[in-house]
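K.L.:
Sequence:
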Amino acid sequence: MPLRIETFRNDIGGNALYKALSHPLAAEKAKTLLAKLAAHKTIAVYDPENAAKAFSVFYPLPAPAHYFVQNLQHLGHRFRDVQAQPVTAIADTSVTALFVAGFDGERKHAQIRHLLAPEVEIFSLDAIRVPAELLTIPARYLSPLNFATNFAFFRDEAGHHTRLTTANYWPRYGAGKVSLWCRLFDADGRTLATWTQDCGGPESSLVIDSREVRERYNLPAFTGQLFIHVIGAAGHDIVKYALDTYGDAKNVLSATHDANSWPADFYAGLPAPTADEDVVLWVQNSHPTPIPANDIGVACMGLDEITRFPETIAPFATQPVHMRDLLPQLSWPDQIEIHAGKHIVRPRYEVVSRNGRSRIAHPNVERTDLAADVMLAKLGPYMGKGHILPGAILPPDVFVTEVLPTPMSSAQRRLPVKALIFDSEGACVAEHRFGAMSRSHRVVLDASALARSTGHVELIYDFEADDDADGWLHALFRYRDRASGHAAETSFGSHMFNTPLTWRGEPQSYSGSPPGLSTRLFLRVAPSPLRTFCHLIYPVSQSWHAHSTTSLLLRNSAGEDIAQRELRIPASGSNLWCVQDVFDEALLADAGPHPYVIVRDETCRLFGYHGVEGEEGSFSLDHMFGF
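Taking this note's numbering, the leading residue of the sequence shown gets 8, the next gets one more, and so forth.
Simulated from the structure, these hints should not be mistaken for lab results.
A virtual CB, placed ideally from N, CA and C, is assigned to each residue, including glycine.
Be aware that one or more of the hints could be misleading.
Calculated pairs, EDC-like style, for lysine to aspartate or glutamate (alpha carbon to alpha carbon, straight line, at most 16 Å) [unchecked claim]:
| # | residue 1 | residue 2 |
| --- | --- | --- |
| 1 | 38 | 133 |
| 2 | 184 | 210 |
| 3 | 425 | 438 |
| 4 | 43 | 133 |
| 5 | 60 | 13 |
| 6 | 36 | 133 |
| 7 | 48 | 126 |
Computed beta-carbon distance windows for the label pairs [unchecked claim]:
| # | residue 1 | residue 2 | range |
| --- | --- | --- | --- |
| 8 | 552 | 438 | 18 to 26 Å |
| 9 | 407 | 553 | 30 to 38 Å |
| 10 | 438 | 219 | 45 to 53 Å |
| 11 | 553 | 376 | 36 to 44 Å |
| 12 | 317 | 219 | 32 to 40 Å |
Taking the hints into account, I'd like the entire structure generated from these sequences.
P.N.:
Written as structure tokens, this is what we have:
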């Protein structure tokens, strides 16, 4: 059964109550609270903020004798089969304990203390508060900034390692001192290490490497998850990072990014394996309660039959689920829908080849709140191409670039999609019409076969094929080195780009209201001998400036600018460049350990992909993030 708790709504954002209840430190304290409540003969629940059910999702309360509410509109509610009563009726009851289902409980029970017998013991959610030193805004416990948290897939075993990289970007929004509270869980959900890490000054780089953590705490080999809690955040509660996975063997190299910390009911875009691969879905329990056997399921996209994972997964545990075992009848380009039941944040998957190469990527949230928007087909005179999903086309003589459109909404039944192929100068050199594909389609496009040179592909809606569009167009982009066979893949969704007009939050802005017409992208620089590359795309929905005015700012680990270079990218064009070619060896040496590059443009919104070139034909690639 899916967890009955609201984690995120697109109209209001994340639910801080959910994060407050599911926090690892809250879970430890909840055990003590439940034991104290269970020691009482008769308890009542007072639910002034309609939070009792959310609490009991993770921590089942003893059955109450009475259930009281403050809001008269809640009188029709029931909790544990007990009908709600107005809290004023509490004076006529006899209980030994009262549980106030809310934080800041002292203020709430002060309003009704005169109605209770003196011997009644009072408890509240304050018993599970995280320590005050972890709070950014102590006076408002359920402020989203108090729970700027996220998870990261984290592994250091069998020659595989992980490196999380980001920057201290919160001072840009007014933050002062910022630090990270980190807890590392092993595969069984046991705590391996807990530490607090200073984020340094504004714009300082932040790096957490699994090998260093393992050595520092003398840990055994592990595959698990890292929980990150930002203390002192400002601006927003999003924790963004790049995650490199690398190995002792030179042919193990891949990259992905932040986990999107709000559990969802469904995820989509998980590819089925090819004949010589296995696809491993890493199911990482994001909560302090077990995932029951058969609660997690997978299905062929577009079909109703669900195959369930038959094992229980412990709190905060990590479990590999092999698609070859659960869905052996599927193969690339079949797509797999994950029935997650809000148990997990956006998961990672690993594609393992028989030749020993592997890569890590992620599916995406499949939205359940969308419907077709008939107006999208009528916006052409104002928005031109409208929604664009840009994908990099790497040099076609070296790499195969495949494009697989992926349904990413439960309402999508037809996908009317067209692909436009552009060279680096912005000329459209080819067009491919997918038509109106079914939800269960198996259509993959070799975009490199249509490209004349390095460039990019834009997926847009094909309203001549169908007008069934909702503005949530997604695709998986897969890249394969023709010589080595090494592969990488990434997936993302569409946006409107570079137009002063707006439509339903588009063009999206990272900060402030739309339209988003500027760029600030983060590019981590991998350590030598790896080479870091970046593919910047200038997509235009209607018409905008003829060229970008793009600055590349090389920064050291303290966030100080070391050097600056300029790029001009034609509208609808792109630029594939390597850090080591733009900034010479001396500049990179001056930047010291853990440098990074900020891609800044105040004239247009660019879309970017970052990657790393290794040895033996290995490489990684993922889309970039900004702040």
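K.L.:
State for each hint whether it applies.
P.N.:
Structure-based check of all given hints:
Taking the CA atoms of residue 38 and residue 133, the gap is about 13 Å. The hint holds against a cut of 16 Å. Under the criterion of a C-alpha separation no larger than 16 Å, the hint pairing residue 184 with residue 210 is consistent with the structure, at around 12 Å. Of the pairs offered as hints, the one joining residue 425 and residue 438 holds, with about 7 Å between alpha carbons and a cut-off of 16 Å not exceeded. Taken as a hint, the residue 43 and residue 133 pair is honoured in the structure, with Cα atoms around 14 Å apart against an allowance of 16 Å.
Between residue 60 and residue 13 the alpha-carbon distance is near 11 Å, which keeps this suggested pair within the 16 Å criterion. For a cut-off of 16 Å, the pair hint linking residue 36 to residue 133 stands: about 10 Å separates their Cα positions. For the suggested pair residue 48 and residue 126, the alpha carbons sit about 13 Å apart, so the restraint of at most 16 Å is met. Between residue 552 and residue 438 the beta carbon distance is about 24 Å. The supplied range of 18 to 26 Å therefore holds.
Separation of residue 407 from residue 553 is about 32 Å and conforms to the stated range, judged on CB atoms against 30 to 38 Å. One distance hint, 45 to 53 Å for the beta-carbon pair residue 438 and residue 219, holds here, with the actual separation near 49 Å. Taking 36 to 44 Å as the suggested C-beta distance range, the pair residue 553 and residue 376 conforms, at roughly 38 Å. Here the CB-CB span from residue 317 to residue 219 is close to 37 Å, well matched to the stated 32 to 40 Å.
Going down the numbered hints, you'll see the structure goes against none, and every one checks out.
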